[in-house]
Amino acid sequence: MPALPLHHYLIVGAILFALGLIGFLARRNLIIMFLCVEMMLQGVSINFAAFARYRGNLQGQAFILFIVTVAACEAAIALALILMLFRRHHSLDVSKWQELREPGEEPTEDVEPLPPAPREPPLPHLTPSGVEPEHRAEESHV
Amino acid sequence: MPYCLFSAVSPSVEWWPIVLPLLAGGAAIYLLLPRPQAYPMLWGIALGLPALVLTLVLLTRSGVISPETILFWSFSAVAILAGTLLVTQHNPARAALAFTLVVLSTCGLFLLLAAPFLMAATIIIYAGAIIVTFLFVIMLAAQSGLSDADDRSREPLLTTLTGFILLGTLLFVLQHYDNGVNEAARELDPLVERVQKIQSLDTREAMVQEVGEPGKDDDLFRQFKRVYSRKPQWKDLEERVEHVGFDWSDIDSKDAKAVEKSKEQLKALGTLAASARQRLNWMPLLARAPLSNMSGPPPTVEFENVRRDETQQLPRMPADNAAYLGRSLFGDFLLPVELGGMLLLVATVGAIAIAFRRS
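Line by line, the protein sequences give chains Y and H.
Mapping of the first sequence onto the working numbering: residues 1 to 142, in sequence order.
Mapping of the second sequence onto the working numbering: residues 1 to 359, in sequence order.
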């Protein structure tokens, strides 16, 4: 029998689920939103594993395998969709798709300007390669 | 304000161990979420770390310090920290790295929960998924350069509120459940101590005196029955206490056999109490649940006999986990497994159809 009570595991699962929810709602990058959904699924999986352990049978663990299956399907479809959306707007920003909003809604606009991009360090100068070196006529001392 | 709210629903739940870490954690996430004029990262860290420590100390406090509790604390701390990083990180590549940490520490928790097969399966499957995500990040984010997507968040205040109100509700319900368990344990533990004390006595006279007169209020058996009647998962124990019985006659008997017999009876009582104590952490037993024994023993099996091979009398967890899981999947869940395979096929076809470049 495990030394810890069941609700400890449930608390960790709940925290992961809530963090994933916040990330999904707040972030605007499609790939990060996708990762946050995966994290919510991880939180749910912990709950299932804990219940399976404290029940003493394996139905919870079997259910986690189905969650993993569905997560794999979701990943395939989501990444395909992200690829397709990226081809249209050349950006991963979900706000680029806000023309899909309801008719009466105001569009959200970014008021604050972004900070200037940090200057990239200059690339080191290397001697060009692939240039044929000068051939000096061999001096003969014969 | 929160006090009224909490005490109205359940007076037994203390509100500050829940509200304190929630407030600190919520403020930390709000400060750390990416925005054009970011707050100093130190503020978020200064609020977030105490919130994490408070959560682990206040909500998951347990008296025993064993390797299991230490592992649980470290795995869950890493999971929560990496989850925060994933939510607040600007750089998608780093967010994907944080997600690997979340998956790895979740796998550690799976191991603690005696699910080694799932641990391995999750690592293998998610490793593939994360590598693919990484490729996407490198392929797409490198093309688009500095964008609004990574440096802004939508409605940071409202989303943080939403998430933490949900979390607060969940934690409140969990604490409510835990309080019920603790209350029952507080009633049971003194009785168990009494049984142990009586067992250590030498003469039958002293034993009978300690057990108490039958029918009186301090009668040990009657007190056990009263405690057992309080919880639904103890219902069958109430009857079994009666079957144990105790011989009150022959008090002066110096016969060693009689003393031994009484000790045996008390030992049976102690076993019942231990079973009750362990059932507290379990779900209530549902005897009528239509389960086959392919997914392990049905919930009506006693705790001592769970995962015990009937021929060899050896416990079967967790080395046989994969065998049990296979039997469960291809016995109880055969149709869902087939449907899962079908779903994977459909998803593959769909993904190819969606991502196919028509030109």
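The hints are simulated quantities; they were obtained by calculation from the structure and are not laboratory data.
Since we're looking at a predicted model, the values are computed, not measured.
Possibly wrong hints are sitting among the right ones.
Claimed, not checked - Straight-line Cα separation of at most 25 Å, SDA-like style, residue types lysine to any residue; simulated pairs:
#1 LYS96(Y) <-> ALA141(H)
#2 LYS96(Y) <-> LEU81(Y)
#3 LYS96(Y) <-> ASP151(H)
#4 LYS96(Y) <-> ILE125(H)
#5 LYS96(Y) <-> ARG358(H)
Which hints from the list above does the structure break, by number from lowest to highest? 4
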